[in-house]
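Trainee: For reference, the chains in residue letters:
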Amino acid sequence: MGAEAVKDLTCGALRAAEGDQDSLVRFVVDSGEPPKPLSSEEISQLGDPLAKGPFASGLFPRTAQGVLDMIDQTIPNVAPADSQASFIVGEGSQLPANNPGAGMRTFLVTRTREANAGPEIIVAAQTPEGEGLIEVMAWDDSADGFNYYQTTPGQPWILAGNSADALRDGSAGAGPFESHPSGNAIMKELRLPWIHWKSFRAPVPPAVSPQIAAHPWFNDAIGAETFEAQIQDSVRRWNRIRLDRALTEGLVRDAPRLLQSFFATPTVNLISADIEWSKVMRGEVDSFAAPIAFFLNAHCLQGICGLKLPEPDKLQVQSVAYRDALAEHEVTLREGGEPLIPAPSDTHFAFLVPEPAFEDTELLALAAPKAGDPDEGTLLSRRLIACALMVDFPNPVLSERRAALAGHVTDDTPADGFSQRLGDSIAGSPQAGQDGTPEAEFAELWNAGEGWKDLAQERINSYGEAIKNLLARPDGGREVFRLAQSRREQVNDMPIHSEVDFLFATPPTPLGQMLRMSPDAQVLPIG
Amino acid sequence: MASVERFTVPGALTDAVSVEQKKLDDAWHQKVSDLVSPAASRSRSLYDPTDGEDTPSDPLRHPVRWPAFPATLNAVTNSPERRAELADSSRDRQDEYCEWSVDRAGPSAEDPITRVIFTTELPEYFEVLHETDPQAALALYREYVDENARPEQIAPGDAYDRNNVLNRQTTGGKIMHLRSGPNNLFAAVTLASDATVLRFRDGAQVTSPQDLVSCGDFGEPLRSSDPQIAAAINGLATLGDKITLEDPIGLYIEEIRPEGLELPAGVTLEDCWKVERGTAEHALRASFSLPEGAGTLEDVRVRGAPVRFGAQLADLVRVRIVALSHSRGSVNPETAGCVPE
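Residue numbers (my numbering), protein chains in the order written: chain A, 1 to 527; chain B, 1001 to 1341.
For reference, chain A alone in the conformation it holds in the complex (with noise of 0.2 Å):
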């Protein structure tokens, strides 16, 4: 029997297309349709700012800087050049220079034409003048949604799809959706203290080229903080518009994927603690906060639910349990399995660990009331949103429990009374008369009513201080690294891991256990 290869399905497969470097070829991965060039005419349908001037007007610039310069030469007033914001990003970028894992530096280039609306083009490129891969994410004023290209020297301008692909069979998950699952533009640092990006927390070291030094991409370039805001925006925008297409002639279509970003994991951010580890490893500080988001899912409970959260002074991880426990694993940054930094050691910023994709916590926002609004006449009630994410909630990732919620979700369901009928599904069926099943942890809160709020509360608050009590052990620190680790070993699987080798400090090998953190405090075996 013949071995079968394997078929590629990231953004490598891309390379597939060929071309003359003046043209620009459709080629969306695993969509059963080969590469194929497109004319004139089918480039006039397009509705981006790069199809709209340079590529209409037969012009295939081969830098990133060329993309821009030709955008104001055809078309100056879609993405006007006083909109232009530069950024710089890298997970080598807060390595000391002398380290070969420094250097690997982005430049994130964004013009933006309306206000709120988030960047009408996002160019990235590693150099701003030389040739090199260039992806650029330019929306489409007539499909909605990005159109995602990309192009490296010797190839053809390649149109690797829409936003929209992402959410179709065959396209979903591959090419450049492997790592933009629902057609979102990204920010996997995307809170303070932003790892791996220039920001006012951990400015990029002067660069030591002259071309780049003087360059304005990286001499005006602005912080993170400015980037996560473009990308809420950008994601608010086309989350509003998945949610407009979902929601016609009074159903809900395509409900399950919809609410995959409810019950399930698709992808994550990633969060730090804002201290940088060689505070820690010095014993500078007794103890510093673990990321809120670690333990529960901050952005939801409270944002959406209103619920309080435990405050930073009960999440204080003991610094000399930390770094036992990174010492007792050998953990430390590394490529090719050796280390870039001698063990013991963690990332620029301590404590690394993925928590809910904002494109995911957003879909929920925007299909709940606003702050201050009744629950009536959205999608999603708060009720539901709370009695949902609080089954497993010690748990905001990765957690098969909440994850099994989705198998109720129905097709194009009713949106009239949506919430209601969802949650008297899952608390009305056979499993929630099952002790220990997820449906009967969602059913206890959901069959509280009113009261829901106030029991979710007290949850939280009771877990809140067994936190408190696990971190004040002697071997708090070790436990929730221990758990720590596990997820970032799951997540070491997801595509959001896939372009970098040392994203997190890890140990020389895996540990190889899920694990699981229990309402108590207590980190578990899965299982």
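Think of the hints as simulated: they come from the structure by calculation, not from any bench. None of these values were measured; they are calculated from a predicted model. Some clues are possibly wrong.
Only pairs whose alpha carbons sit at most 25 Å apart, straight line, appear in this in silico SDA-like list of lysine to any residue [said to hold, decoys possible]:
| no. | chain 1 | residue 1 | chain 2 | residue 2 |
| --- | --- | --- | --- | --- |
| 1 | A | K370 | B | D1299 |
| 2 | A | K36 | A | N98 |
| 3 | A | K370 | B | S1079 |
| 4 | B | K1023 | B | D1092 |
| 5 | B | K1274 | B | T1132 |
| 6 | A | K308 | B | S1090 |
| 7 | A | K370 | B | L1269 |
| 8 | A | K36 | A | T63 |
| 9 | A | K308 | A | Q84 |
| 10 | A | K453 | B | E1085 |
| 11 | A | K370 | B | R1115 |
| 12 | B | K1274 | A | Q84 |
| 13 | B | K1023 | B | D1058 |
| 14 | A | K7 | A | N492 |
Between beta-carbon pairs, the in silico distance windows are [as the list claims (entries may be wrong)]:
| no. | chain 1 | residue 1 | chain 2 | residue 2 | range |
| --- | --- | --- | --- | --- | --- |
| 15 | B | K1274 | A | Q522 | 42 to 48 Å |
| 16 | B | Q1169 | A | E465 | 45 to 51 Å |
| 17 | A | N469 | B | E1292 | 40 to 46 Å |
| 18 | A | L511 | B | E1281 | 53 to 59 Å |
| 19 | B | A1075 | A | P256 | 37 to 43 Å |
| 20 | A | M281 | B | E1281 | 41 to 47 Å |
| 21 | A | E465 | B | E1298 | 33 to 39 Å |
| 22 | B | E1292 | A | R240 | 29 to 35 Å |
For each residue, glycine too, the CB sits at the ideal point set by N, CA and C.
Based on these hints, arrange chain B on the given structure of chain A.
Mentor: Here is chain B on its own, set in the frame of chain A:
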């Protein structure tokens, strides 16, 4: 080469009333010189551009920017609303070289906000102004803070008080210039000078912002301004640059970012954001309010939440200081261990 003969007043202000503007300009030059000259004399890398050291016409320009919202509050609470409430509660909390005060529709703290006034004006400038032209200082207070301001309110016992009763509130629009402890030009210039020393611990250079601030004893590592300024200057010093601060030396309001800001229909950001002192390029005082008849700031949302605190807008306001550098590799910077070693 371009030389700077005199330090010029921040934001091209022309505030003199009872004396010639030149007298005020001279006094300000002297004040800045008194700060920069000793700071430069302590450093191999930082120079005083008015003291014979020319700056080329095309130096590398290094703007350092940060949000006005006090970053230290992130460590205090996980609640964005509580953080905003704390930031609004005291000017002492507003420690990122930008302070603000809010105006409300009525006398109660529950009344909706109608205007937020931000300032990066230096206390040193007002001390010089009052010393040179007390009438001008009083006139500014009457124009911007309280039309009934009296001389003894801003200068009890004749000496100007940067923490005076008309400049210490967070409400009523009672704000003239910076007053929080770390928010002054002396602190910024001293930091720029001290940060030119390369710090070493156990043979390795300390470069990351929080670590550098701790090692050099530059203050609070969780602020967003000082650690970043220190790291930027230190990075340039490491490359052997000659470094100075761009004239007019000062802290400036660069802009209010539009991201996450939802305005009522038909209202633009330009309708709301007004530079009140300084220039567009060197703004020192700016305010945010809706056009008349367009409602209160509760009709504006920041990241989805109605504006109930000035701090929500402070999160969008960017503050800036600019360093200039040139002659890379020409300076052998001073080195030292951590403080205290």
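Trainee: Now tell me, hint by hint, if it's right for this structure.
Mentor: Against the structure, the hints come out as follows:
The straight-line distance between the Cα atoms of K370 of chain A and D1299 of chain B is roughly 13 Å, inside the 25 Å bound, and the hint therefore holds. For the suggested pair K36 of chain A and N98 of chain A, the alpha carbons sit about 45 Å apart, so the restraint of at most 25 Å is broken. For the given pair, K370 of chain A sits about 17 Å from S1079 of chain B by alpha-carbon distance, which is consistent with the 25 Å threshold. At most 25 Å may separate the alpha-carbon atoms for a hinted pair to count; K1023 of chain B and D1092 of chain B exceed this at roughly 33 Å.
A threshold of 25 Å between alpha carbons decides the hint, and for K1274 of chain B with T1132 of chain B the separation of about 28 Å lies outside it, so the pair is violated. A threshold of 25 Å between alpha carbons decides the hint, and for K308 of chain A with S1090 of chain B the separation of about 24 Å falls inside it, so the pair holds. Taking the CA atoms of K370 of chain A and L1269 of chain B, the gap is near 23 Å; set against the 25 Å cutoff, the hint holds. Using a Cα cut-off of 25 Å, the hinted pair K36 of chain A and T63 of chain A holds, with the two alpha carbons roughly 23 Å apart.
Our distance criterion of 25 Å between C-alpha atoms is broken by K308 of chain A and Q84 of chain A, whose separation comes to about 38 Å. Note on K453 of chain A and E1085 of chain B: the hinted pairing holds, with a Cα-Cα distance of about 24 Å set against a maximum of 25 Å. Our distance criterion of 25 Å between C-alpha atoms is met by K370 of chain A and R1115 of chain B, whose separation comes to about 24 Å. Simply put, K1274 of chain B and Q84 of chain A have alpha-carbon atoms about 22 Å apart, close enough for the 25 Å limit, and the pair holds.
In summary, the hint linking K1023 of chain B to D1058 of chain B is not supported, as the alpha carbons are separated by about 31 Å, beyond the 25 Å threshold. For the hint linking K7 of chain A to N492 of chain A, the alpha-carbon distance of about 20 Å falls within 25 Å, and the restraint holds. For K1274 of chain B paired with Q522 of chain A, a C-beta distance near 56 Å fails the hint of 42 to 48 Å. Separated by about 39 Å at the C-beta atoms, Q1169 of chain B and E465 of chain A break the suggested range of 45 to 51 Å.
Judged by the Cβ atoms, the range 40 to 46 Å given for N469 of chain A and E1292 of chain B is violated: they are separated by roughly 56 Å. Between L511 of chain A and E1281 of chain B the CB atoms are about 55 Å apart, so this pair conforms to the stated range of 53 to 59 Å. Evaluation of the 37 to 43 Å hint for A1075 of chain B and P256 of chain A yields a pass: the beta carbon distance comes to about 40 Å. At about 43 Å, the beta-carbon gap between M281 of chain A and E1281 of chain B stays in the expected band of 41 to 47 Å.
Distance hint for E465 of chain A and E1298 of chain B: a CB-CB separation of about 36 Å, consistent with the stated range 33 to 39 Å. E1292 of chain B and R240 of chain A have their C-beta atoms about 31 Å apart, which keeps the hinted 29 to 35 Å range intact.
Hints 2, 4, 5, 9, 13, 15, 16, 17 from the earlier list are contradicted by this structure; the remaining hints agree with it.
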